[in-house]
Every structure is written in structure tokens, then in C-alpha cells.
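Colleague: In terms of UniProt numbering, the sequence shown opens at residue 1 and continues consecutively.
Incorrect hints may have been included.
[Claimed, not checked] Distance condition first, Cα-Cα at most 20 Å in a straight line; then the derived DMTMM-like pairs of lysine to aspartate or glutamate:
1) K79 / E62
2) K48 / E62
3) K48 / E9
4) K48 / E89
5) K79 / D91
6) K79 / D57
7) K48 / E12
8) K48 / D37
9) K79 / E12
10) K48 / E14
11) K79 / D94
12) K79 / D37
13) K48 / D94
14) K48 / E10
15) K48 / E66
16) K48 / D91
17) K48 / D85
18) K79 / E10
19) K48 / E84
[What the hints assert, rightly or not] Now the in silico label distances, taken between C-beta atoms and shown as ranges:
20) D85 / F24: 31 to 39 Å
21) F24 / F83: 12 to 20 Å
22) E84 / R45: 36 to 44 Å
To be clear, the hints were calculated from the coordinates, so they are not data collected in a lab. Built from N, CA and C at the ideal position, the CB exists for glycine as well.
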Amino acid sequence: MADTTTHTEELEREYVIPLRRSQFAPSRRRRAGHALDTVRRFVARHLKGRVEDVWIDPRLNETIWEHGIQHIPSQVRVKVIRFEDGLIEVDLMDRA
């Protein structure tokens, strides 16, 4: 009998996304939002996807907003998974 399990094609990578430019490019009150846009654009560019298909994990969002709208981290380590249907999930890497 033939194997009926479906094989899903997933691509998983780890990146260190630099956010240093997001500290200087926008005004002070737009830094955290600009950093999230930077994450979306970076991931879409490196995984050849669309910005609309990028889903950011709430833990990553909280890490960027942790010290407020003006004080963002200079870089973040993320794990990125692209699913077969084109959706891209961005998770914060665990520190260990």
C-alpha cells in the first residue's frame, strides 16, 4: 500500500536582524513601529516572500517594545519558518 502521508515543505533559518538604522532613521516616537517594519522587510527579502505574509510572534513584538517606543534593541536573533503555503513565521530565539 502506498504511503499516504503528506510531506510539507518547510524552510527554517536563523537570522540576526540589525535594527541600528531604525534608531536613527525615524523620529523618536516611531522607532518601535519602524523596527517591526524593518523585521518584516528583512524576512520577506531573505526568504523571497511578501511583506503581507510575514507573521511576527508576540514575544518578538514585546521584546522590541520592552523599553518603550523610543529605546529599541540594536539587533534581534530570530528563527524564521516559511511554510508551503507562503506564510512566514518569525519567532524570537531563546537565549541559551
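Colleague: If any of the earlier hints don't hold here, list their numbers in rising order.
Modeller: Those not satisfied are hints 2, 13, 15, 21 and 22.
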